[in-house]
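Next come the chains, spelled out residue by residue.
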Amino acid sequence: MPALAISPTNFVLLSAVLFFIGLFGALTRKNAIAVLMCIELMLNAVNINLIAFSRFVTPQLFTGQIFAIFVITVAAAEVGVGLAIIINIYRHRLSVNLDDFDWLKW
Amino acid sequence: MYHAWLIPLLPALAFACISLFTKQWKWLSATLSIGAMVSGFIIASFVVAGVLQHPELINHPLVYTIRWLSMPGFIVNVGIQLDPLSAMMLFMVTLIASLIQIYSLGYMRGEKGFSVFFAYMSLFGASMLLLVASANLLELFVAWEGVGVCSYLLIGFYNHKISARQAAKKAFITTRIGDTGLLLGLLALQLIFGTLSISSLSQQIPQYQNIPLLITVAVLFFLGPIGKSGQFPLHVWLPDAMEGPTPVSALIHAATMVIAGVYLVGRVLFMFHSVPPVMELVAWVGGFTAIFAATIAVTQREIKRILAYSTVSQIGYMMMALGVGSLTAGFFHLWTHAFFKALMFLGAGSVLTGLHHKADVWEMGGLIKKMPITAITFVIGGLAIAGIPPFAGFWSKGDILDATLASGHVALFVIGAFTAFLTALYIWRMIFLAFFGKENPENHPKESPAVMTIPLIILAVFATVGGLIGTPWGDLWGRYIHFGTYVAPVANWPLMIGDTLLGALGIFTAWVFYCKDEEKVKAKALAKQFNGLYTLLYNKYYIDEIYMWFNHTMVDGVGRLLYLFDIYVVDGIVNGFGAFTLAAGAGLRVFQTGRLQNYALVFFLGVLAVAVLLAFTGPQATLLLGGVR
Numbered sequence: 001m002p003a004l005a006i007s008p009t010n011f012v013l014l015s016a017v018l019f020f021i022g023l024f025g026a027l028t029r030k031n032a033i034a035v036l037m038c039i040e041l042m043l044n045a046v047n048i049n050l051i052a053f054s055r056f057v058t059p060q061l062f063t064g065q066i067f068a069i070f071v072i073t074v075a076a077a078e079v080g081v082g083l084a085i086i087i088n089i090y091r092h093r094l095s096v097n098l099d100d101f102d103w104l105k106w
Numbered sequence: 107m108y109h110a111w112l113i114p115l116l117p118a119l120a121f122a123c124i125s126l127f128t129k130q131w132k133w134l135s136a137t138l139s140i141g142a143m144v145s146g147f148i149i150a151s152f153v154v155a156g157v158l159q160h161p162e163l164i165n166h167p168l169v170y171t172i173r174w175l176s177m178p179g180f181i182v183n184v185g186i187q188l189d190p191l192s193a194m195m196l197f198m199v200t201l202i203a204s205l206i207q208i209y210s211l212g213y214m215r216g217e218k219g220f221s222v223f224f225a226y227m228s229l230f231g232a233s234m235l236l237l238v239a240s241a242n243l244l245e246l247f248v249a250w251e252g253v254g255v256c257s258y259l260l261i262g263f264y265n266h267k268i269s270a271r272q273a274a275k276k277a278f279i280t281t282r283i284g285d286t287g288l289l290l291g292l293l294a295l296q297l298i299f300g301t302l303s304i305s306s307l308s309q310q311i312p313q314y315q316n317i318p319l320l321i322t323v324a325v326l327f328f329l330g331p332i333g334k335s336g337q338f339p340l341h342v343w344l345p346d347a348m349e350g351p352t353p354v355s356a357l358i359h360a361a362t363m364v365i366a367g368v369y370l371v372g373r374v375l376f377m378f379h380s381v382p383p384v385m386e387l388v389a390w391v392g393g394f395t396a397i398f399a400a401t402i403a404v405t406q407r408e409i410k411r412i413l414a415y416s417t418v419s420q421i422g423y424m425m426m427a428l429g430v431g432s433l434t435a436g437f438f439h440l441w442t443h444a445f446f447k448a449l450m451f452l453g454a455g456s457v458l459t460g461l462h463h464k465a466d467v468w469e470m471g472g473l474i475k476k477m478p479i480t481a482i483t484f485v486i487g488g489l490a491i492a493g494i495p496p497f498a499g500f501w502s503k504g505d506i507l508d509a510t511l512a513s514g515h516v517a518l519f520v521i522g523a524f525t526a527f528l529t530a531l532y533i534w535r536m537i538f539l540a541f542f543g544k545e546n547p548e549n550h551p552k553e554s555p556a557v558m559t560i561p562l563i564i565l566a567v568f569a570t571v572g573g574l575i576g577t578p579w580g581d582l583w584g585r586y587i588h589f590g591t592y593v594a595p596v597a598n599w600p601l602m603i604g605d606t607l608l609g610a611l612g613i614f615t616a617w618v619f620y621c622k623d624e625e626k627v628k629a630k631a632l633a634k635q636f637n638g639l640y641t642l643l644y645n646k647y648y649i650d651e652i653y654m655w656f657n658h659t660m661v662d663g664v665g666r667l668l669y670l671f672d673i674y675v676v677d678g679i680v681n682g683f684g685a686f687t688l689a690a691g692a693g694l695r696v697f698q699t700g701r702l703q704n705y706a707l708v709f710f711l712g713v714l715a716v717a718v719l720l721a722f723t724g725p726q727a728t729l730l731l732g733g734v735r
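Line by line, the protein sequences are chains A and B. The first sequence begins at 1 in this note's numbering and counts up one residue at a time. The second sequence begins at 107 in this note's numbering and counts up one residue at a time.
Watch out, some of these pointers could steer you wrong.
Keeping only pairs whose Cα atoms sit at most 20 Å apart, straight-line, the calculated SDA-like set for lysine to any residue is [claimed, not checked]:
1. B:Lys-267 x B:Val-255
2. B:Lys-275 x B:Asp-650
3. A:Lys-105 x B:Asn-704
4. A:Lys-105 x B:Thr-699
5. A:Lys-105 x B:Leu-694
6. A:Lys-30 x B:Leu-707
7. A:Lys-105 x B:Val-696
8. A:Lys-105 x B:Arg-695
9. B:Lys-476 x B:Asn-546
10. A:Lys-105 x B:Ala-689
11. B:Lys-218 x B:Ala-270
12. A:Lys-105 x B:Phe-697
13. A:Lys-30 x B:Tyr-705
14. A:Lys-30 x B:Thr-699
15. A:Lys-105 x B:Tyr-705
16. A:Lys-105 x B:Gln-703
If you are wondering where the hints come from, they were derived from the structure by calculation, not from laboratory data. In this text the structure is predicted, and so the values were computed from the model without any measurement.
Given only the sequences and the hints, what does the whole structure look like? Please build it.
Next up, the structure:
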């Protein structure tokens, strides 16, 4: 194995970094659209993990890849719904600031 | 004889037919009901003839059964048990019920619910006949309850009257107290012997060794007859039962219901006979009831009420006879009593019809001129119950006193003899007040129609000659109906003469006070002189009041206590749950901020906690999280 070959550790590290960037953004950003984007980031971090482990643990099978495709599909649907909700809220409130939205309160 | 099963079935069918189809057609309903009962009577006559031809039935009753239900360890065969006892009862019940139903045609004419009345009467008769013919104690218990239900329906027949409703309830609830004991006794018998068939019990019980247990069972068992037959202390319902139409009172007091208890005791006399202490109890309950009710009857004013207490007293006589071990005397009195008591009740009904339901004997008088048939038949009934030879009551009452003395119960004999005197006194007090003496100008009596007087005449014939089948000189009765070995009776002359004198003395006393003395000055003076005693007796020893007091203080008091318990403890617990949930919600909703990012943070921290837990404890931790493997 060449010295500069990419090891599973690199993949896991990359994915962890991506995931926490996404998480930090999702928890702290006030803009709803930014939060949606951060969630995409977290999902993609997971995708990297799935494909990497599939590649290194069971190279003959495509389980991880297929799962990643599923995740992408679901994420697309989720973003579609999420954006639709946000647009609707914007039409009523003229705002996409999450601090304004506490309607789920009792 | 093999068609005896039809006897209870026919009136039951008549009941079903009337209540389902023919309710609108009054006379058709009445015809059906009477027809069923009369056919039953004809079959019963053949049954009696058959029994008389087969004396072996005395010791080996004819039993034929079918399987009713069968479970592991619990098999019930129901059917008919024919022996002289049940044959006699079938005959007597069908005869009296037929006569009473015919009489009702006149008495109930124009009443609302004419058809319903006959439907109930049919069901009443069917229940009683099934009770009498039962081969199994469970079957008997079903019929027993059927009788109770019908008495409830019929006592409360005038259900627009509140007193009738209350009397019906009282009858049902009071007898129910006794029935509970009977049911427990039945269950105990089933548990001990594994059968409720009367014939197999009669073979097993005399061999049974555990006497204390058997005593308990027998006492429980005896509670049923105490309630049903109106024995002290559960007699209170019987005098109120006259709230129903008079034919119903006659049926209850003479042929059904109250004699069911006596019949049951006679039916299982083998059980009571195995436990002498319970026999003593039966005898003393009977004897005490006899004198207790007789003393009350002396002071009562309403004609039916006097007769009702008379019934209580006479049933006490029968119980006393059974208690001293004489099945013969007890049932002989049941037989004769049925005729003269039915006669007097129907006579009372005839009087009430004539006087537009004025019931106080003090307001009657001289009725014999306007209602001769009623009066004469009533007098025959009075002679019979007072024990004047050769009327029916003389023979049966003599038998009872004879049996009591022969078994060595001197105290009970004295009670019985004194009761015989009181019986003559109160019945003849009523007769003199109602039928003799000065006429009350307010009354305009007229004799009842033939449909009512003919049953009276037939019953009067039976009340006259009904006792002749059991005299010491031609003892047909005792040869067929007896317990253990048959002992031919011998004429006990001193007792017979004394007995007659007691009855005559009672009648004479009544005559002195209530007939010779036109204005009843002496009677009133006597009542005034013994005012306390008179009031006590007139108010029936305040037994009803004592029961009501008991109900109001004890039962209601316990009810109030339990109510408080319910309010504060049970409701407290239930409401406490609600309050706890509310408080918990109020506390927890602080965390419900409505901010999505807070939720996401908590969510993340939760996942983190799980991850940390897994990292430090290994795979076993998954068990804590719901056992995911």
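Hints, verified against the model:
1. B:Lys-267 x B:Val-255: Distance ~19 Å between B:Lys-267 and B:Val-255 Cα, so the pair holds.
2. B:Lys-275 x B:Asp-650: 14 Å, holds
3. A:Lys-105 x B:Asn-704: 12 Å, holds
4. A:Lys-105 x B:Thr-699: Given that 20 Å is the threshold and the Cα spacing comes to 5 Å, the pair holds.
5. A:Lys-105 x B:Leu-694: Holds. A:Lys-105 to B:Leu-694 sits at ~12 Å (cutoff 20 Å).
6. A:Lys-30 x B:Leu-707: It holds: about 14 Å lies between the C-alpha atoms, which stays within 20 Å.
7. A:Lys-105 x B:Val-696: 9 Å, holds
8. A:Lys-105 x B:Arg-695: Holds. A:Lys-105 to B:Arg-695 sits at ~9 Å (cutoff 20 Å).
9. B:Lys-476 x B:Asn-546: 12 Å, holds
10. A:Lys-105 x B:Ala-689: 18 Å, holds
11. B:Lys-218 x B:Ala-270: 15 Å, holds
12. A:Lys-105 x B:Phe-697: The given pair, whose Cα atoms are some 9 Å apart, holds under the 20 Å limit.
13. A:Lys-30 x B:Tyr-705: 14 Å, holds
14. A:Lys-30 x B:Thr-699: Holds, at roughly 16 Å.
15. A:Lys-105 x B:Tyr-705: Within the cut-off at roughly 11 Å; holds.
16. A:Lys-105 x B:Gln-703: 13 Å, holds
Checked against the numbered hints above, the structure violates none of them.
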